[in-house]
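> Residues per chain are reported as follows:
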Amino acid sequence: MLKQFVLRTKERDEMIEVTSDVQQYVTELNMKEGMVVVYCPHTTAGITINENADPDVKKDMIRRFDEVYPWNHSLDLHMEGNTAAHMKASTVGASQHIIVTNGQLLLGTWQGVYFCEFDGPRRRTYYVKAIVESVN
Amino acid sequence: MLKQFVLRTKERDEMIEVTSDVQQYVTELNMKEGMVVVYCPHTTAGITINENADPDVKKDMIRRFDEVYPWNHSLDLHMEGNTAAHMKASTVGASQHIIVTNGQLLLGTWQGVYFCEFDGPRRRTYYVKAIVESVN
Amino acid sequence: MLKQFVLRTKERDEMIEVTSDVQQYVTELNMKEGMVVVYCPHTTAGITINENADPDVKKDMIRRFDEVYPWNHSLDLHMEGNTAAHMKASTVGASQHIIVTNGQLLLGTWQGVYFCEFDGPRRRTYYVKAIVESVN
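Protein chains in written order, with numbering that gives the first Met the number 0: chain H, 0 to 135; chain A, 0 to 135; chain F, 0 to 135.
Isolated chain H (complex conformation) (with noise of 0.2 Å):
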């Protein structure tokens, strides 16, 4: 079970929370228990797990990041530029796993899952694998 999602991002960095629409795809499937892959097949773009409640921890996140990975470096060879991005994008990773239990994400009552666009804007995709277990 396989489902592809699109999205626009508006910003060149952005975290674009997507816990809803994976929620709602594991109760489309009406699955109980397993879990669910939340993949990005960019590679200047990622998928994190992070806290749901204050938006300012994304705007510090992005700022971070940043900070950790500048976007101007002199010495970066890549024609395109956007050497920071690929960073960024290995630092979060390309996916993220997220378990099913009673029909609901397992998430810690603070936790979201993010699209994390690290060179926008554009129009990106993702993907939620379901691992549906049979008998438990």
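Calculated directly from the structure, the hints in this document are not laboratory data.
Careful: at least some of the hints might be erroneous.
Claimed, not checked - Chain A stretches covered by chain H per the calculated footprint, using a threshold of three residues with CB under 8 Å from any CB of chain H:
#1 54–67
#2 92–98
#3 122–132
What the hints assert, rightly or not - In silico negatives: residues of chain F with every beta carbon more than 10 Å from chain A:
#4 Ile61
#5 Thr100
#6 Pro120
#7 Arg121
Note that beta-carbon positions come from the ideal geometry of N, C-alpha and C, so glycine has one too.
Assemble chains A and F onto chain H, guided by the hints.
Leaving out everything else, chains A and F in the frame of chain H:
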């Protein structure tokens, strides 16, 4: 098959090895082949796999993460003041996956599974989800 | 279904693409739908998914990781002197997961799977674990 574990951390930053608890659960399940997912439901903690031999590696890692993501940062907006912990959580990741074969975690000689506290001390939990292969 | 692969790295830091080996294994298994996990059993190496087109991206990434986690650090305690490699390993992660559909790895156009050497040259291994979906 899903189990919740509870632990108490003692430091602000701490790497606590949980390998033996994960292995014990695999043994309890009498699971032979498959995978386990070790999942952290907190946004200021994470799971990583790293060296289990020299305890200085943990000390160095904690100090190095602190240098890259300093605790105090004049530009941070998040009122709780723990943005650095959120950065470290997204860097190591919310989960790790370990292959199980012949009833054993397929870890390298020097690999251990660690719960990473980045904003302790606190009471924390983590989950182990087993994906059991029916055949092979 | 589990397979071990062996490779020899030639540099201290090196990103070696393994995508075709992983795809070949999926083909050998005649696997149509599911997931594969590419797992690194070493603590000074890791697995990442990143750009497979311009080789300068790899050069930039290796140099950028070295700037964030410098090899020589006066405060490191670990006697082997390779703390930087442990940092890089936990940053990219010990494993990556790729969805399989219609018998093919579901990678984006520019995505490749990389074994990341951070303390070479060495003889290294990695595992590919296939989670085959029986129905759908």
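> Now, for every hint given, state plainly whether the structure supports it.
Hints, one by one, checked against the model:
no.: 1; hint: 54–67; verdict: violated (count 1)
no.: 2; hint: 92–98; verdict: holds (count 4)
no.: 3; hint: 122–132; verdict: holds (count 3)
no.: 4; hint: Ile61; verdict: 17 Å, holds
no.: 5; hint: Thr100; verdict: 18 Å, holds
no.: 6; hint: Pro120; verdict: 18 Å, holds
no.: 7; hint: Arg121; verdict: 12 Å, holds
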